[in-house]
Each structure stands twice: as structure tokens, then as C-alpha cells.
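Q: Sequence lines, in order, name chains A and B. The opening residue of the first sequence carries number 90 in the working numbering; numbering runs sequentially from there. The opening residue of the second sequence carries number 730 in the working numbering; numbering runs sequentially from there.
It should be emphasised that the hints constitute simulated quantities derived from the structure, not laboratory data. This structure is a prediction, so every number in the text was calculated from the model and none was measured. Yeah, the Cβ is synthetic: ideal placement off N, Cα and C, and Gly gets one too. Don't take each hint at face value.
Said to hold, decoys possible - Short, incomplete list of chain A residues facing chain B, as computed with Cβ under 7 Å:
1. PRO92
2. ILE97
3. LEU101
4. MET103
5. GLY104
6. HIS106
7. SER113
8. TYR114
9. THR117
10. VAL120
11. SER124
12. ALA131
13. ARG132
14. GLN135
15. ARG140
To be verified - Distance ranges between label pairs, derived from CB positions:
16. A/MET90 with B/MET730: 51 to 57 Å
17. B/TRP752 with A/LEU119: 45 to 51 Å
18. B/THR921 with A/THR145: 41 to 47 Å
Below, each chain spelled out in residue letters.
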Amino acid sequence: MVPQFETISEFLAMGGHGLYVWLSYGSTVLVLAGSYFSLRFARQRQLEQLRWQASTNTSDQQQTAHSPKSSNGV
Amino acid sequence: MWIKELWHKLGSPRWFYQISSPWIIGFGVAALVLLTVGVVWGLVYAPQDYQQGNSFRIMYVHVPAAMVSQSVYLGMGVAGFVLFVWRMKLADVAIAACLPFGIMLTALALFTGGVWGRPTWGTWWEWDGRTVSTLVLLFLYIGIYALREAILDTELRGRASALVAMVGTINIPIIKYSVDWWSTLHQPASITLTDKPTMPPEMWMPLLVMVLGIYCFAAHNIMSRMRVEILNRESKTRWVRNLMVTDTKPIQNV
Numbered sequence: 090m091v092p093q094f095e096t097i098s099e100f101l102a103m104g105g106h107g108l109y110v111w112l113s114y115g116s117t118v119l120v121l122a123g124s125y126f127s128l129r130f131a132r133q134r135q136l137e138q139l140r141w142q143a144s145t146n147t148s149d150q151q152q153t154a155h156s157p158k159s160s161n162g163v
Numbered sequence: 730m731w732i733k734e735l736w737h738k739l740g741s742p743r744w745f746y747q748i749s750s751p752w753i754i755g756f757g758v759a760a761l762v763l764l765t766v767g768v769v770w771g772l773v774y775a776p777q778d779y780q781q782g783n784s785f786r787i788m789y790v791h792v793p794a795a796m797v798s799q800s801v802y803l804g805m806g807v808a809g810f811v812l813f814v815w816r817m818k819l820a821d822v823a824i825a826a827c828l829p830f831g832i833m834l835t836a837l838a839l840f841t842g843g844v845w846g847r848p849t850w851g852t853w854w855e856w857d858g859r860t861v862s863t864l865v866l867l868f869l870y871i872g873i874y875a876l877r878e879a880i881l882d883t884e885l886r887g888r889a890s891a892l893v894a895m896v897g898t899i900n901i902p903i904i905k906y907s908v909d910w911w912s913t914l915h916q917p918a919s920i921t922l923t924d925k926p927t928m929p930p931e932m933w934m935p936l937l938v939m940v941l942g943i944y945c946f947a948a949h950n951i952m953s954r955m956r957v958e959i960l961n962r963e964s965k966t967r968w969v970r971n972l973m974v975t976d977t978k979p980i981q982n983v
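One chain only, chain B, in its complex shape:
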């Protein structure tokens, strides 16, 4: 059956290595364009907030970092599920590739949050629901990373990290609803799919561009890292050796 064939293809690191290159270039170019446009728009053209003045421009980096750090974790949870149930090799590669960028992005969300909190709330750090659950997200990322470094057996390493990644996804709805469950300093979402935004378009449009830009950057970064992981794991195989002999293009990052 073709579905089964596709499934087997999807699980093959070699197949991913062969098809991923144009996607990585595409996401990279899109990220560069979107982030450049978004930063200039957000820093120079977006109107000042009548209460926060110019410090609200931090939103354009803080919100995308926080959003994408959660999405990357969710993606890792899905990969964990696939690895756990079907033992798909590529899912293990994906988990490994999500970790470094996820850690950096979550740390960035916490840092920019603190920097934004200082002029807005009068404190660098506040133990409110969303801040704490984001800190838990960072610890989950670091925990899985440490777990993978500690376990030498590849089979066990994959299954253990897949399990923690899956269980940890419980934290994602907690982050999302933390602003509704506990009364906190964090404001509830300004933009939702169902309601009208509480911000004017001149303010939320650059945010949308930045969010898309960071998503593209994440896709670029994670897929590139998956390729490095794949070559590491398969360096002894015939197809990698053949590739290294025939493929003498100048070294690129794709």
C-alpha cells in the first residue's frame, strides 16, 4: 500500500537527507526576509504604546521567542510519540535536533521577559504562573538534553527521552492557560483566532511577521541540525561514503 510505503520512506534518514536541502534553503531565505522586515517595522514604524511607550517594542522579540519555544517542544513531544510507538529512527534524530535550539529560545524568552518586566512591572523577575511554567519548560529541555548525554545505549536513550518529551507536553497547556487560571502580571492573549485583536493592526502586523520569521528560522535550524545528526549516525554506511566521494560541491550549510 502506498501509505505504508510513504511511512517507511518518512522513517528513513537517508530519504530525509536527500529531500531536505531545498526546504532548508527556502526556510532560511524566508526567515531572513521576514525577520528583517519585522525588526525594522517593529522598531521604527509601529506606533508607541500609550502606556508603555517604546518598551512595548520588546514584544516583537519576546512573544515570538516564547511561542516558538513552546511549538518546538510540542513538535518534540510528537516526535517522542512516534519514536515510542513505531521506533522510527528519524524521530530520534528530530528530538536530538530540537533540543539545542529549544533551550536557547526558551532562555531568550525568559531573558527578554525579564528585561521587559523591569520598566513595565518594576521587577526583573516575578514568580507568576506563566514565568514559572516557562522556567519549567526550560528545565524540561535541559533535562532531556542531559538525559541523552548520560545514556550511552542508543535504544534506551531514545525511549527515555521520548517518554520525558511526551509527558512534558502537559506543561504546554499550563503555560497557555496560566494567565487565565492565576491572576498574574502577564496579560491575557491580545490576539486570538476567535476574537478581534485588542491591538490596532499597525501594532499586531509586525508581530505576525516576526512570529512567522522565527518559525521559519526554527524550521531552518532544526532541519539543518537533523542533517548533521544523520551524517554522524550513518557515517559508516555506503550511501554516506558514496555521497562524500561524488558530492564535491563547495561546503554549504544545507
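Here chain A stands alone, though its shape is the one from the complex:
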């Protein structure tokens, strides 16, 4: 297997089809990264919330002003 391009600029130009090739690959990266990170943030928020709820429910004696932020994700 040999690379099909001699230089970086040749690679970027894609024989005149650079715009189309990079639009396609760019949108693909956007969709995949977007799907991954939006889910990751949703999951993080959810776990912070649920853990905070659980901690306030079980430890009634030590009712301090816990919030999802100050509980440090635990």
C-alpha cells in the first residue's frame, strides 16, 4: 500500500474535489462526536442528580446543604 498523495496540499485538494470530500468527512465527524458527547453530558448530569437524591434520602441525620455541584459527583 502506498499513499496516493505526494504532498499535504495535494491531499487537501483531493484532485479538485476537496470541498465535497471534506464536507462529507467533516459532517460525519460532527455527527459521531456530537452523538458521543451529548450522551456523555446527559449521563453525567443524570448521575450527579441521582447520587445527590440518594445521598439526601439515606443520610437524614447529616442533612447539610448538599447540592449536585458541591457533592463533587459522589
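For chain A, the structure is supplied; the task is to place chain B on it using the hints.
A: Okay, now just chain B, sitting in the frame of chain A:
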């Protein structure tokens, strides 16, 4: 009977939550490796097409996106059937989890198709059989999503979306055979299970890697989203509360 036991286990969101974590990590790692290899192979090493030049490299993202968007829909149709017949809770979770990624992937297939069509066919959009049936696929996904947002009753929501998901699977063979039924700009399949590929191996091997990569990514994404759905629905149950108290590992995406 053990089959019945397994069936009950399969239907339990709690069981899925407990066993899914290593699978999600595995699919995630596989997706990362396959997609990295596939993109570099397809962009740099695959030989140019003698007619299309370098624009044919769009195939390596367009074809996997289109294929997997149909497979995800088919999976949703199967989940719809299971939900409709056996009222399995986990199937409803699966339908909900397939929708966001299915919508994004179908939109991506249409977009990259348009971008590929411009230099190849001379147009961004053509009303040919496969393009239109893929547009119908996108509308089906969006329709089911909207339906689920609109219906508040969980029982009715599940059954309604399961029904539409099942009926909509008719569209999948239409997409597949559209290139044979109507004479269109889309080319017939270059790679089939029965015939020899019409592409040389240097060209179809990166495609295979990309298709597998997107499948793994889809499995990773949908299973992760199922876990989020499950915790949402079961947040008031004892096992989730216990889990949240005992499980103090740093927050991960699995």
C-alpha cells in the same frame, strides 16, 4: 424452564443495566480503532477511482451511514414487535434509544449523498427511488420521535410507536430494491454476499472496515442511551437508589 427464565431476564431493565457495561466499552474501543483505520485507509491509501477521481472517497462515509441507518431501523422494528406482542419493558427502552442516533445517521446519509451527487451526477438533489425512500426513512424516524413526545401515557406511547416502527419496516426492502425497480442515478450494489465484488479489494476493504466501525459505534451509542433511559425510568426504585449510594466510582460514559 430455562428458556422462560432467560426471557424474563432479557425483559428486565435492571439485568440489562448490570450486564451492559463491558459490552459498551468493547464496542466503543472497537469503533474507535476501526473508524480510525478506515478513515486513514480510505482517504490516503485507497486508489483513486478512474472515473470519479477522489470524490469516490465519500463512499467510505456515505455507504456505512446509509446501511447502518437502515439496520438501526430494522432493529427498532424488531423491538416494536417484541413490545407489541410480549409487552417487554426493555423493548420500549430500545425504541427510545434508537431514535436519536437513527435520525442523525439518516440525515448524514442524505447529506453526504447530496455532497457526493454534486461532482458525480451534477446535482445536489435528485428525486430518484433510493433518495426518496431514504427521505421516507428519515420522516419515519422523526414521526416516531414526535409521536413519543406527544403521547403522555406510557402504555399507549409504547404501543403506538411500536406499531409505526413495525409498519415502517416495509420501507427497508423498498430502499434496498429501489435501484433495481426504477432506473435511477444510484448504482446497484457493488458488493453482495453472492457475487464477486465489482470493486478491487484495495477499494472495498476500507469500506468493510468503515461499515463495521459504524456498526460498533451504533451499538455503543444505543446501548449507552438505553442505560440513561433505564435510570430515568427506574430512578424511584430501590435498586437504583442502592446503586447510587454504593457505586461511587468516577462518572463514566458507560
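Q: Find the hints from earlier in the document that the structure breaks and name them by number, from lowest to highest.
A: The structure breaks hints 2, 3, 17 and 18; every other hint is satisfied.
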